[in-house]
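Asks: In order, the protein sequences belong to chains A and B. For what it's worth, our numbering labels the leading residue of the first sequence as 117, then goes sequentially. For what it's worth, our numbering labels the leading residue of the second sequence as 21, then goes sequentially.
Calculated directly from the structure, the hints in this document are not laboratory data. One thing to keep in mind: the hints can contain errors.
[What the hints assert, rightly or not] Short, incomplete list of chain A residues facing chain B, as computed with Cβ under 10 Å:
#1 130
#2 131
#3 141
#4 143
#5 144
#6 146
#7 150
#8 159
#9 161
[To be verified] Below 35 Å or equal to it, Euclidean Cα-Cα: the simulated DSBU-like pairs (lysine-lysine) are:
#10 B:214 / A:160
#11 B:128 / A:165
#12 B:138 / A:165
#13 B:128 / B:138
#14 A:165 / B:45
#15 A:160 / B:327
#16 B:214 / B:139
#17 B:327 / A:165
#18 B:128 / A:160
#19 A:160 / B:139
#20 B:214 / B:45
#21 A:165 / B:139
#22 B:86 / B:139
#23 A:160 / B:86
#24 B:45 / A:160
#25 B:45 / B:192
#26 B:128 / B:45
#27 B:45 / B:138
#28 A:165 / B:214
#29 B:192 / B:209
#30 A:160 / B:192
#31 B:138 / A:160
#32 B:327 / B:214
For each residue, glycine too, the CB sits at the ideal point set by N, CA and C.
If you want the building blocks of each chain, they are given just below.
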Amino acid sequence: MTAPGATAVATAQFDPGATWRLHPQVALRPEPFGALLYHFGTRKLSFLKNTVIVEVVRCLGEHDSVRDALRAHGIDENAERPYLHALRTLADSHMIVPA
Amino acid sequence: MTSLLEPPVTSAPPKVGRLVDQFEKGLDAPICLTWELTYACNLSCVHCLSSSGKRDPRELSTEQCKAIIDELQRMQVFYVNIGGGEPTVRSDFWELVDYATEHQVGVKFSTNGVRIDKKVAARLAASDYVDVQISLDGATAEVNDAVRGPGSFAMAVRALENLSEAGFRDAKISVVVTRENVDQLDEFKALADKYGATLRITRLRPSGRAVDVWDELHPTHEQQRQLYDWLVAHGEGVLTGDSFFHLSAFGGQSGAGALPGLNLCGAGRVVCLIDPVGDVYACPFAIHDNFHAGNILTDGGFASVWKNSELFRQLREPQSAGACSSCNFFDACRGGCMAAKFFTGLPMDGPDPECVQGYGQSALAGERTVPQSSVDHSRTGKRAERRTPAAPVPLTLLTKPPAKFCDENPLAGL
């Protein structure tokens, strides 16, 4: 079995100044606590533990940068740290990729 | 994907609490769904969790299976674990696998390897969305075949060889840890490495036919410790299906030594089982009337059973942990496995039979009645005979169900 997107591509450096989007092989399932993310290529499951980050992740690709996406959801510089941490984790596991 | 919701005005994310607490309340759809496609099996493993052997004449048709896949796609159940019985003996097996993966439902299937010849291995190697799990319960033929039947080790190894030769990467070798094979964990790991596979080890539950052999086969208290230590030392890269959470109490009260994973019983909350006739049970190890949530054909489909079943509603309520709730280690093991308690005749609000604090041993020593299996498709119903696995039975691919319920021979009527 091959795992496209996981083994073939090295992890891109997470740059919050750039545009990112969900990996095309990732599905997002809303849940009361947030959402589940499933990567069909790597078969990895991730959890988004609040509804704000779910909305940020969903619309990442529509913004010029990750920071723009955060601002559009009311997350200012003082509050962005945990969000950037969560998004970096998602980038490391190829759940989100550079757009 | 476009957001349909207005962004929240506040920057403070609403606190949702620990994920484990969320999961105990149940999810909108299962994360991990096991689907047993047939009760027919060429083997007669002594510890078969579904007491498989003979096909059930009521087994779901191809069209009924496809309708379930459509529903799973709508519910965003990302993947299913297909098992049996031996699922590959269904004549429509590959058709269903293809249908599922074409509908965004990934497939991992468990097999004893009977149908994994070179041609099938090549076909599997060409797919990105199908994962294969070969069952093996001994790292040597001697240990394996005593549980799974004569010739079953050679059959599984041949399947692994075929997959490896075809270039299929990262198959799973699935091992149920027993008293007899717990000393072979390193050998299993070496075997997995040899075939470019990943080792997956899971807990022996006293479910199905294992109700009769659990007393002799389940790891001793000392072996449980040995297993925990092995997992801590070598667990990286070894899958466990989250099944050893009862061992987490070995790691101390703080939970710091807990094994990776959710460490909770997901029955009816994040996992469940669909059986070959469309019955839904709380978990794969709970095929018994007491854990029957409903039937897909008669109760309005899978989503309806998942959402509305009275049993599942109860399981998603806070559970009484009885004496366990006052144990200092309760947060580590959360009372253990429901099925393990039930099929050893222990109360549901008491300790797990393999409680690492020893409360299970004293409970097992007391008066108890082991429940009889209410669903049994064994080829022989005689309990004494079920303790010795028979040689593999040649099964022909069936295109129609056996004529009668009581047909002993899966080929009758053809």
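Asks: Which of the listed hints are not met by the structure?
Replies: Numbers 1, 2, 12, 20, 21, 27, 28, 32, in rising order.
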